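Sequences listed follow chains A and B, in order.
If you read the first sequence in my numbering, its first letter stands for residue 1090, the second for the next number, and so on.
If you read the second sequence in my numbering, its first letter stands for residue 160, the second for the next number, and so on.
Hints listed in this document are in silico derivations from the structure and should not be mistaken for laboratory results.
Incorrect hints may have been included.
[Claimed, not checked] Computed spacing ranges between beta-carbons, pair by pair:
1. B/L235 / A/N1143: 27 to 33 Å
2. A/K1141 / B/K225: 28 to 34 Å
3. B/K225 / A/Q1131: 43 to 49 Å
[Unchecked claim] Think about it this way: if two alpha-carbon atoms lie no more than 27 Å apart in a straight line, the pair counts; the simulated DSS-like pairs of lysine-lysine are:
4. B/K173 / A/K1092
5. B/K179 / A/K1199
6. A/K1092 / A/K1158
7. A/K1141 / A/K1092
8. B/K179 / B/K225
9. B/K200 / B/K173
Nothing here was measured: the structure is a model prediction, and the numbers come from that model.
Every residue gets a Cβ at the ideal spot worked out from N, C-alpha and C, and that includes glycine.
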Amino acid sequence: DAKTTQPPSMDCAEGRAANLPCNHSTISGNEYVYWYRQIHSQGPQYIIHGLKNNETNEMASLIITEDRKSSTLILPHATLRDTAVYYCIVRVAVRNNDMRFGAGTRLTVKP
Amino acid sequence: GAVVSQHPSWVICKSGTSVKIECRSLDFQATTMFWYRQFPKQSLMLMATSNEGSKATYEQGVEKDKFLINHASLTLSTLTVTSAHPEDSSFYICSAMGGYGPTGNEQFFGPGTRLTVL
Chain A
1090 DAKTTQPPSM DCAEGRAANL PCNHSTISGN EYVYWYRQIH SQGPQYIIHG LKNNETNEMA
1150 SLIITEDRKS STLILPHATL RDTAVYYCIV RVAVRNNDMR FGAGTRLTVK P
Chain B
160 GAVVSQHPSW VICKSGTSVK IECRSLDFQA TTMFWYRQFP KQSLMLMATS NEGSKATYEQ
220 GVEKDKFLIN HASLTLSTLT VTSAHPEDSS FYICSAMGGY GPTGNEQFFG PGTRLTVL
């Protein structure tokens, strides 16, 4: 699976949009981009994933560049409860394929 | 749907004893389960992959005789830390995959088990 690069930390004001970038320049055509987050001392929580098109769900939006070498996770209205470590993972979505976590981005939402 | 539980949520044990951690998929059948370990302020590190009814595949550097994994049913996998030592103190997280989710191959994570070895 391709490697990802994320900034180690980011701050965001409560109520504002949080935009978390991820570089995955070696991504293959069959690899999906997944985003998970981990709130302190809990298991990772799935947020969203995509292959080529932009995606949106009740939690976030995922913007993938046309060349698929980078993506941005957008939390439209960040709350204090969104403070967590956010992991961007690229992975072939096939059976038995594990999930490899990088260092992630520690997002701190401030009042 | 797609809920994964772990038991216990935390455990404290004496050095030299063995500890068993359970991982259950509550509402789907998990053909594959994964075990991760996470030290403070570090990311999750994959320890092993287990498929129901077969032996686990361990990552390089993980001692299979120390971390015994059993995946006897489609809803349960166990991790036993044998002869635990203080350096085994960590946050252990499991995940399960079973043909469920948007692509049919999503992983769903448990809440984790905090192990402290005295």
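Evaluation of the provided hints:
1. B/L235 / A/N1143: 27 to 33 Å: For A/N1143 against B/L235, whose Cβ atoms are near 38 Å apart, the range 27 to 33 Å is violated.
2. A/K1141 / B/K225: 28 to 34 Å: 43 Å, violated
3. B/K225 / A/Q1131: 43 to 49 Å: With Cβ atoms ~26 Å apart, the hint is violated.
4. B/K173 / A/K1092: Not satisfied, since the Cα-Cα distance of roughly 39 Å exceeds 27 Å.
5. B/K179 / A/K1199: 39 Å, violated
6. A/K1092 / A/K1158: With Cα atoms ~11 Å apart, A/K1092 and A/K1158 stay inside 27 Å; holds.
7. A/K1141 / A/K1092: 17 Å, holds
8. B/K179 / B/K225: Holds. B/K179 to B/K225 sits at ~12 Å (cutoff 27 Å).
9. B/K200 / B/K173: Satisfied, since the Cα-Cα distance of roughly 24 Å is no more than 27 Å.
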